[in-house]
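Engineer: The primary structure of each chain is shown beneath.
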Amino acid sequence: GAVVSQHPSWVICKSGTSVKIECRSLDFQATTMFWYRQFPKQSLMLMATSNEGSKATYEQGVEKDKFLINHASLTLSTLTVTSAHPEDSSFYICSPRADTQYFGPGTRLTVL
Amino acid sequence: GENVEQHPSTLSVQEGDSAVIKCTYSDSASNYFPWYKQELGKRPQLIIDIRSNVGEKKDQRIAVTLNKTAKHFSLHITETQPEDSAVYFCAATNYNQGGKLIFGQGTELSVKP
Numbered sequence: 001g002a003v004v005s006q007h008p009s010w011v012i013c014k015s016g017t018s019v020k021i022e023c024r025s026l027d028f029q030a031t032t033m034f035w036y037r038q039f040p041k042q043s044l045m046l047m048a049t050s051n052e053g054s055k056a057t058y059e060q061g062v063e064k065d066k067f068l069i070n071h072a073s074l075t076l077s078t079l080t081v082t083s084a085h086p087e088d089s090s091f092y093i094c095s096p097r098a099d100t101q102y103f104g105p106g107t108r109l110t111v112l
Numbered sequence: 113g114e115n116v117e118q119h120p121s122t123l124s125v126q127e128g129d130s131a132v133i134k135c136t137y138s139d140s141a142s143n144y145f146p147w148y149k150q151e152l153g154k155r156p157q158l159i160i161d162i163r164s165n166v167g168e169k170k171d172q173r174i175a176v177t178l179n180k181t182a183k184h185f186s187l188h189i190t191e192t193q194p195e196d197s198a199v200y201f202c203a204a205t206n207y208n209q210g211g212k213l214i215f216g217q218g219t220e221l222s223v224k225p
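For the record, the sequence lines run as chains W and X. Heads up: the first sequence begins at 1 in this note's numbering, then just goes up one per residue. Heads up: the second sequence begins at 113 in this note's numbering, then just goes up one per residue.
Just so you know, the hints here were simulated from the structure itself, not pulled from any lab data. Glycine included, C-beta positions come from ideal geometry on N, C-alpha and C. Be a bit skeptical, because a hint or two may be false.
Said to hold, decoys possible - Reference excerpt, derived from the structure (chain W facing chain X, CB under 8 Å, subset only):
#1 S18
#2 F39
#3 R97
#4 T100
#5 P105
#6 T110
#7 L112
Claimed, not checked - SDA-like mimics (lysine to any residue), calculated; alpha carbons at most 20 Å apart, straight line:
#8 X:K154 / W:H7
#9 X:K154 / W:Q29
#10 W:K66 / W:F39
#11 W:K55 / W:R97
#12 W:K41 / X:K169
#13 W:K41 / X:E117
#14 W:K41 / X:L158
#15 X:K149 / W:L46
#16 X:K154 / W:N51
#17 W:K41 / X:S121
#18 W:K41 / X:S130
#19 X:K154 / W:V3
#20 W:K66 / W:T80
#21 X:K154 / W:K66
#22 X:K149 / W:G61
#23 W:K41 / X:S197
#24 X:K169 / W:L46
#25 X:K134 / W:S43
#26 X:K154 / W:T82
#27 X:K154 / W:I12
#28 X:K149 / W:S5
#29 W:K41 / X:K170
#30 X:K149 / W:Q29
#31 W:K55 / W:F39
#32 W:K55 / X:G210
#33 X:K154 / W:T110
#34 X:K170 / X:G210
#35 W:K41 / W:P86
#36 W:K41 / X:H184
#37 X:K149 / W:P40
#38 W:K41 / X:E220
#39 W:K41 / X:Q172
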């Protein structure tokens, strides 16, 4: 299956700062990357879909100016949480679109 | 859009017994149905998947059945072991329309030795 890496695996930041999460597809070219968010003891919720070379599409209720997504190459998609607040604390996971859907290892964000 | 309902939310079984988790979906155009196992603090791991042109798929102790008419699919785990304890998620998607996964609410499975 697809090999996906994420960096960092965990991050703690102060309220008001921005955090960038990188998602790399290591063994194939991902034209589309899905970004999911998972709050404690809840299911995964799709936040946005990033497409290489074009603007991301966001799910209803997800602020595009707060969660900036860049998909500059076929192997790298980034999610930046701008002006993070405690309610943004969550597990963020990426998944490249493929015939079989695998997930990156996830990034646990804690905003103090 | 698609909506996926998953039941039960918690399931406790004795080691060696079978466990069944059920999901229903709303969009008849969905054509790919994966199941994931998630251990605490880790990513969801794909354990089995099924496509709409197949009614059943089995992989050792794990099997999935799909009823397209009723729009429901189920995960069956036989001869459960304590290491099967985890949260299980079903999902559905239509690859012809983007491929984004819609997840069920999750089932916390506990296998008691």
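Engineer: For every hint, state whether the structure bears it out.
Structural biologist: Hints, one by one, checked against the model:
1. S18: violated (24 Å)
2. F39: Not OK, violated: F39 of chain W not within 8 Å of chain X, min 12 Å.
3. R97: With a minimum Cβ separation of about 5 Å from chain X (threshold 8 Å), the hint on R97 of chain W holds.
4. T100: holds (6 Å)
5. P105: Holds. Min distance 5 Å.
6. T110: violated (13 Å)
7. L112: violated (19 Å)
8. X:K154 / W:H7: Distance ~14 Å between K154 of chain X and H7 of chain W Cα, so the pair holds.
9. X:K154 / W:Q29: Given that 20 Å is the threshold and the Cα spacing comes to 24 Å, the pair is violated.
10. W:K66 / W:F39: holds (17 Å)
11. W:K55 / W:R97: It holds: about 16 Å lies between the C-alpha atoms, which stays within 20 Å.
12. W:K41 / X:K169: Violated, at roughly 29 Å.
13. W:K41 / X:E117: holds (16 Å)
14. W:K41 / X:L158: Answer holds: K41 of chain W to L158 of chain X is near 19 Å, not above 20 Å.
15. X:K149 / W:L46: holds (18 Å)
16. X:K154 / W:N51: violated (26 Å)
17. W:K41 / X:S121: holds (11 Å)
18. W:K41 / X:S130: violated (24 Å)
19. X:K154 / W:V3: Holds - the C-alpha atoms of V3 of chain W and K154 of chain X are around 15 Å apart, at most 20 Å.
20. W:K66 / W:T80: holds (8 Å)
21. X:K154 / W:K66: violated (25 Å)
22. X:K149 / W:G61: violated (27 Å)
23. W:K41 / X:S197: Holds, at roughly 15 Å.
24. X:K169 / W:L46: violated (27 Å)
25. X:K134 / W:S43: The given pair, whose Cα atoms are some 15 Å apart, holds under the 20 Å limit.
26. X:K154 / W:T82: With Cα atoms ~25 Å apart, K154 of chain X and T82 of chain W exceed 20 Å; violated.
27. X:K154 / W:I12: Holds: K154 of chain X and I12 of chain W sit about 18 Å apart, inside 20 Å.
28. X:K149 / W:S5: Given pair K149 of chain X, S5 of chain W holds - Cα atoms ~19 Å apart, limit 20 Å.
29. W:K41 / X:K170: Distance ~28 Å between K41 of chain W and K170 of chain X Cα, so the pair is violated.
30. X:K149 / W:Q29: It is violated: about 26 Å lies between the C-alpha atoms, which goes past 20 Å.
31. W:K55 / W:F39: violated (26 Å)
32. W:K55 / X:G210: holds (15 Å)
33. X:K154 / W:T110: Status holds; Cα separation ~16 Å.
34. X:K170 / X:G210: Not satisfied, since the Cα-Cα distance of roughly 27 Å exceeds 20 Å.
35. W:K41 / W:P86: Measuring from Cα to Cα gives roughly 17 Å; hence the hint holds.
36. W:K41 / X:H184: violated (24 Å)
37. X:K149 / W:P40: Between K149 of chain X and P40 of chain W the Cα gap is close to 16 Å, so the pair holds against 20 Å.
38. W:K41 / X:E220: holds (10 Å)
39. W:K41 / X:Q172: violated (29 Å)
The structure is inconsistent with the numbered hints 1, 2, 6, 7, 9, 12, 16, 18, 21, 22, 24, 26, 29, 30, 31, 34, 36, 39, although it conforms to all the rest.
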